[in-house]
Amino acid sequence: MRKQESLTEHLDWPLFGALMTMLLMGLATVYSVAYNEEAPSLFAFSEKYGRQLFWILFSLFLGLLVFLIDSDIYRRFAIPIYLSTHVLLIVVLFMPAVHGAHAWLGVGSFGVQPAEFAKISTSLLLAKYISGLTVKQQNTRTVLTASSILLIPMGLILLQPDAGTFVVFTSFLFVMYREGLTFDPILLNFVNAIPGVRYKETWVGSHFIPILFALLFLSVVTLLLDSVVFVMPFFDTALPLSGSSLVLFGLLLIYVVSWLLMQRFTTRRERSRMMVVLTLGLILAGGLSFGVDTGFDMLKKHQKDRIELVLGLREDPNGDDYNRNRAMAAVGSGGFLGKGYREASVSSVRTNHVPESETDFIFCPFAEEWGFVGVLVLFFLYFFMLFRIIIIAERQRAAFNRIYAYCVAMILFYHFAINIGMNIGFAPVIGIPLPFFSYGGSSMMSFSVMMFILLKLDAQRKDVLR
Amino acid sequence: MNLEARRNVILSFIILMIGIYLIKLFYMQVIDETWTLRAQEIAEKRKVIFPPRGVIFDRNDKKIVTNQTYYNLMMVEDSIVDLDTAAFAKLIGWTPKQVRARFKEIVEGEGTYYNKITRKRTPNYQKIRAYPFLKEVTLEEMSKIAPHLSNFKGFHYEATSARNYPYKSAANILGYLSEVYREEIEEDPFYKPGNNIGRAGIERFYEKELRGVKGIKYIVTSALNNAIESYADGKYDTTARQAPPLKMGMDVELQSYGERLMQKKKGCIVAIEPSSGEILSMVSAPSYDPNLLVGKRNISANYPKLAKDLNLPLFPRPLQAEYPPGSIFKLVQSLIAMQEGVITANSGFPCDKSLVGCHNHPSAHNIAEAIQYSCNPYYYMAVRRIIQQGVKRSTNADAEYGLQKWYKYIRSFGLGKIFDTDVSGQRPGLIPNPAFYDKWYGHHAWAFSTIRSISIGQGEVKLTPLQMANIVAIIANKGWYYTPHFVRSIGKKGALAQFNKKHWTMINYQHFDPVIEGMRRVVNEPGGTGKMARLNDILVCGKTGTVQNPHGEDHSVFFAFAPMNKPKIAVAVFVENAGWGGTWAAPIASLIIEKYLKGKVSDPDKEKRILEAQIAFQTAN
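Chains A and B, in that order, are what the protein sequence lines are. Heads up: the first sequence is residues 0 to 465, going by numbering that gives the first Met the number 0. Heads up: the second sequence is residues 0 to 620, going by numbering that gives the first Met the number 0.
Honestly, the hints are just simulated from the structure, not real lab data. Be careful, since some hints might not be right.
[As the list claims (entries may be wrong)] Anything over 10 Å on all C-beta distances counts as not near chain B; from chain A, calculated: (1) S45; (2) L56; (3) L92; (4) K135; (5) L149; (6) L186; (7) A192; (8) I253; (9) L310; (10) E355.
[Said to hold, decoys possible] Covered by chain B, according to a simulated footprint, are these stretches of chain A (three or more residues, beta-carbon under 8 Å): (11) 322 to 331; (12) 344 to 351; (13) 371 to 383; (14) 416 to 422.
The structure presented is a predicted model; accordingly, all values stated were derived computationally and were not measured. Just so it is clear, CB atoms sit at the ideal spot from N, CA and C, and this is done for glycine as well.
Using the sequences and the hints given, assemble the complete structure.
Written out as structure tokens, the structure is:
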């Protein structure tokens with residue numbers, strides 16, 4: 000049917016090149032950080048770099064396989080693939096725990112983490128399901144189905160528990176947002192239940208991503224203000240005010256100021272509409288802030304600790320904040336040009352000041368050795384990759400391909416943002432790897448396969464006639 | 000709804016995130032130093048290597064101060080697991096309470112610094128660093144502790160060095176080391192808490208010459224505080240260098256011998272090589288073994304005992320005991336009188352006991368005889384001529400004129416002031432000048448008759464034994480001296496510059512001959528007061544003295560130099576409360592001279608008599 004083409008025809012070389020560069024940089028960093036004088040060969044299989052090289056080669060082999068198979072199977076077999084990874088996700092819960100989490104399937108050091116592959120299968124099924132929907136078909140049932148495609152693996156992963164991967168799954172919200180999926184059908188059920196209210200759409204349901212970030216911002220501000228001790232002028236007594244009350248105070252100020260501005264600049268008709276929005280916003284934001292405050296108090300101690308450490312509300316450089324403090328010292332000591340290759344004094348495995356410096360904290364030795372210049376190169380490479388994937392996504396004829404591409408972009412973005420954020424003190428320490436850099440077979444294979452599926456889909460984009 | 004625009008929302012998020020991250024990274028890596036310092040604190044250890052202190056040789060290249068290997072019992076708090084305090088205390092022979100107190104002491108001893116990150120004063124003490132728990136443990140003690148150390152995780156031992164004094168003598172000259180005070184650390188960044196610093200004597204004066212150059216090694220350390228590798232392949236490392244040895248002018252055998260002669264007695268011996276000013280020996284009796292003050296534990300055990308000893312072993316008699324010089328001053332007076340031309344070598348004065356008391360002897364017909372008989376009236380007359388020269392009309396003004404002249408002469412002998420030298424702890428003594436008496440009696444309210452007792456070295460005049468020994472050296476040299484000093488050479492650099500400067504007195508060369516002739520007679524002629532200092536084959540010139548002591552028995556004093564024609568040693572001997580100068584001080588001086596010039600003593604009976612004598616000595620009870 001299809002004429003025989005060479006494997007590399009229609010391959011997106013820029014993305015492929017970026018991927019290869021990154022794999023090489025990652026391998027070089029693993030070699031540097033785990034360097035063992037007694038086995039200096041890159042092929043020393045006893046050492047982490049030897050094994051990492053093996054994983055890279057094996058991943059490339061898997062990529063080759065992906066390229067040999069017609070890309071149509073991903074759409075056609077999305078459901079079986081999804082189901083099979085979920086069987087693994089259930090099986091893994093009965094495996095013995097490693098580091099307190101039932102995440103590993105397999106024997107010894109050659110285990111795999113099904114959660115890594117669940118990202119691919121979820122992306123595929125989500126792409127398949129959403130691509131089959133039109134705007135008019137969006138109703139309570141379809142929105143719930145789309146949501147459960149996410150919620151099922153998230154639930155299973157939470158049982159492991161693996162907070163990092165759980166958070167990564169929220170990246171699919173961006174994809175839904177891009178595809179115009181709206182939670183309106185569900186929300187309207189509740190809103191229209193109020194007597195006398197008859198809405199066709201809520202703004203909230205479709206713009207959940209900007210709202211999500213506004214909520215996050217408000218929560219962080221609330222928690223930060225929690226530590227502020229407000230001293231009453233003239234009375235000299237400290238008022239133990241909670242963060243939410245301060246936020247509420249600020250919101251009220253904004254409310255009053257906007258009201259005064261509206262009196263001056265708007266017509267009477269506009270004003271009444273805006274007053275409703277403003278009042279509603281005030282109530283919702285205040286409620287959220289108060290909710291965060293009380294919710295935070297109800298969190299478990301170690302969860303509270305981590306959040307407090309990231310927000311800088313508490314310091315404990317040699318205790319709870321050990322890892323983050325060491326990581327930041329390693330990164331910060333890199334300077335502009337870095338200490339030089341294999342000269343990392345804080346984050347190499349030999350000194351071991353930064354635990355997990357070859358896996359989750361691999362950004363540390365990279366930033367320590369290459370300095371800000373190296374960081375710039377790495378950031379450029381990642382941005383180039385994400386940007387290229389989005390370009391690829393937007394040029395697809397098939398919605399399935401586009402949605403899948405966005406899934407890949409968003410998963411990478413999440414990993415990148417959270418992992419590096421963890422290394423520079425922006426994110427709490429939740430163990431997720433830096434794609435293509437961190438040592439480890441599962442993540443290497445899953446990210447490579449994910450990328451090669453994307454490259455294959457893109458290479459065959461013109462075959463699709465829809 | 001235009002969904003494609005949402006691509007831009009997503010892209011904006013990505014760009015915003017990357018922008019924020021880059022700003023943060025630029026700040027962390029390039030602008031802010033805090034994390035670099037933090038990384039150094041975490042991963043790099045500046046290991047300071049202290050070289051052993053410079054060794055010290057005596058004039059015959061005998062090693063008198065060396066270093067001996069000791070051990071420090073180190074502890075790393077983070078590595079300590081379930082310390083059984085009671086068992087540990089038993090192992091090192093302490094009480095558990097002492098062990099706990101020591102922990103506290105270590106933490107406090109390190110002090111605090113201002114932490115820029117936390118903006119708080121933070122202890123310098125770090126749990127992952129090793130600190131000495133017990134210092135200066137001997138090999139013997141450590142061999143008992145070491146086998147059991149494996150039961151106490153977090154403790155290990157390290158070799159270190161401490162002073163050792165093989166001859167067990169010259170404690171008053173060499174001094175000792177002790178831990179630096181906080182002010183000294185603040186003054187000189189060389190020192191860290193727990194370091195030793197020269198606290199007295201040569202160790203203190205030549206501290207900078209002896210301490211050497213510290214080495215610094217930068218080491219990358221692991222989270223477990225193990226040294227991993229040298230930082231940047233040792234590019235910034237410096238090596239520790241031991242200071243070059245000091246060579247002293249002292250003869251350690253002579254010093255030890257002097258200390259033995261002075262046992263069970265109080266007093267001092269000062270011997271100087273006249274031709275160089277080098278101090279050959281400076282005994283302060285009673286003496287003590289300098290090894291008693293090596294290390295903190297020894298100091299805290301032994302120092303209070305020494306300080307409480309009624310014989311005052313810590314009192315540096317040769318430098319700080321200011322005695323009226325007595326008869327030796329007559330030598331100086333003779334010289335000044337001749338130089339001033341108020342008498343000649345052949346001037347004679349009758350021994351007129353109505354002027355001042357004297358013992359029975361023939362009248363002196365010349366200076367040599369005056370010295371031989373130590374005639375008090377002779378010097379009363381001679382010094383009156385110096386003081387009252389008849390230049391001024393008023394007697395008082397004339398005395399002021401004369402005393403001022405006399406004062407200048409005396410000062411040229413290096414008296415009434417401290418020598419600019421490496422002998423620490425000198426007292427200046429006292430030489431009265433007109434201003435001094437003006438303060439006592441009022442201006443022009445005094446004359447020779449008021450101050451006559453200075454003519455025979457009594458009254459207001461006070462000298463230290465070191466100054467008196469130097470007078471002998473000047474006489475031996477016939478008119479000049481080098482500043483008395485201990486160290487002949489620092490490494491190969493030679494002595495300090497001021498020791499090579501010849502100081503001339505205001506007395507001409509030829510005036511010394513009659514004085515020396517007098518001193519020869521004191522020892523070698525019948526009727527001389529110092530016949531017990533006579534030696535068979537060495538011509539000793541000497542002068543006895545008896546220092547009046549208002550608190551008890553007079554002090555026995557003898558000054559001598561030898562051989563007469565080519566003087567090699569000038570010596571001053573003081574024996575406290577021993578009475579007549581010829582009985583005890585003279586034989587001791589002769590033994591010292593003989594020992595130094597011959598290396599052995601020809602009269603064992605004389606030596607035995609001295610060694611067995613116990614004079615005014617408080618026996619410990």
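* To do: Check each numbered hint from earlier against the structure, then list the numbers of those it violates in ascending order.
  => Of the numbered hints, all hold.
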